[in-house]
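Please build the complex by placing chain C on the supplied structure of chain W, with the hints as guidance.
Top to bottom, those sequences are chains W and C.
Everything in the first sequence is counted per the working numbering, starting at 1 for the first residue and increasing by one.
Everything in the second sequence is counted per the working numbering, starting at 163 for the first residue and increasing by one.
Please note that a few of the clues may not be correct.
Straight line, CA to CA, 25 Å or less: simulated DSS-like cross-link-like pairs of lysine-lysine [stated by the list, open to error]:
hint, chain 1, residue 1, chain 2, residue 2
1, C, K317, C, K287
2, C, K173, C, K287
3, C, K173, W, K142
4, C, K287, C, K231
5, C, K174, C, K267
6, C, K317, W, K142
7, C, K287, C, K267
8, W, K142, C, K174
9, C, K267, C, K231
It should be emphasised that the hints constitute simulated quantities derived from the structure, not laboratory data.
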Amino acid sequence: MIFVTVGHSMPFDRMVRLVDAWAGKTGRTDLFAQIGDADYEPANFPSTRFLTPAEYERHLIECDAIIAHAGTGTILQALYLGKPMLALTRLASLGEATSDHQLGTARYFAEQGQIMVATENEEFSRALGTFEFFQPRSLTGKEASPQLIDRIRRFLIDEERT
Amino acid sequence: MGAQAMTGTRKKVLAVSSGGGHWIELLRIMPAFEDCDVIYATVRNDYRADVPGAAFFVVNHADRRHVVKTLLLAFRVLFLVLRLRPDIVVSAGAAPGYFALRFGKMIGARTIWLDSLANVDDLSKSGHMVRRYADLWLTQWPQLAGPGGPEYAGKVI
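Isolated chain W (complex conformation):
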C-alpha cells in the first residue's frame, strides 16, 4: 500500500493528479490519499480530505511507501519509520505555497539519502516508477540531536544562576 499525503495546510492538486495518472496507466489501485481541501479527487484510488494525527500515524505505519509534499513534519515522520518516500516540492509560482522554502529542505534530505525528491512533473512521474525500491537512510529516535538538547538545557541552567 502506498500512502499519499499533502499535509494539513494547503491542497496540492498537481501532485494528486500526477499520482492518479500514474496509477491509471500502471493499473495500480493499492493507494490511499489524504488530499486536503482539494478541487481534484483521484479516480483510481480512495482518498480523504483530512486525517486526525492518530489516523495519519496509522497510515504511515501500515503503508509500504509514501508519496508526499516536501513538508518538514511529513518528512520527519516518514523518516522515523524508515519507509521509502518520494516528495514533490510545492512551488510558490504555482500557488502551492507562500514561498519556495520546501526546495531547500527537500534538497537537504535528498542529499542525506533519506528521501527521493522531485520538483518538476516529468521528474516526479519518472520517479514514481522506482521510488518504492529506494532504501532510505533512516532516522533513529524521536529526539532532537543531543547537541541541541544540551544547548537548551544549558540555557535553562544559566537562567537559574542569574
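Relative to the frame of chain W, chain C by itself:
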C-alpha cells in the same frame, strides 16, 4: 499551584507552536524540559494525544495574510500568557510562537525560539520578527548563524 508551588524550583514552561512540522519539531526538543512543568499551546485539539497528561490549550491558526485571525490569535495568546505567567516560553514557530515570545518577554519570562528546519535559505518571517524578544535565538542551519544573527546548536534530527 501544583508541583511548582510545592517545590518552589520547578520552572513553568509554555511551549507554543502552529501545526505540522512546527509541532513535530517542538516535540523533539521537549526532552530538554523534563525537569519543568510544561504547558502546551498549539492550533489543533487532536495534537493533545501527542502529549498525554500535559496541560494543553488550543489557539486559532493564523498567518500574516489574515489580519482578523491574526489579531484574534494575538489576543488569545496574550490572555494565555497573562493567565499562566510562565517562567520560560519556547516555540518552534510560527505566528502563535511569535506572539507567545513577545508577550512572554513583557511579563519577564525568558524566551527560546527555534527556527524551523524548513527554513534553509533564510530564517522564517516570524523568526526574523521575533529576534529582539528571543533570549535564545536558534537556527537549525549553520550557514544562517553568525554574529548578530541566530545561533546554530544542532538540528531536531
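For each hint, the structure was consulted:
no.	hint	result
1	C:K317 / C:K287	holds (19 Å)
2	C:K173 / C:K287	violated (29 Å)
3	C:K173 / W:K142	holds (24 Å)
4	C:K287 / C:K231	holds (17 Å)
5	C:K174 / C:K267	holds (14 Å)
6	C:K317 / W:K142	holds (12 Å)
7	C:K287 / C:K267	holds (19 Å)
8	W:K142 / C:K174	holds (23 Å)
9	C:K267 / C:K231	holds (22 Å)
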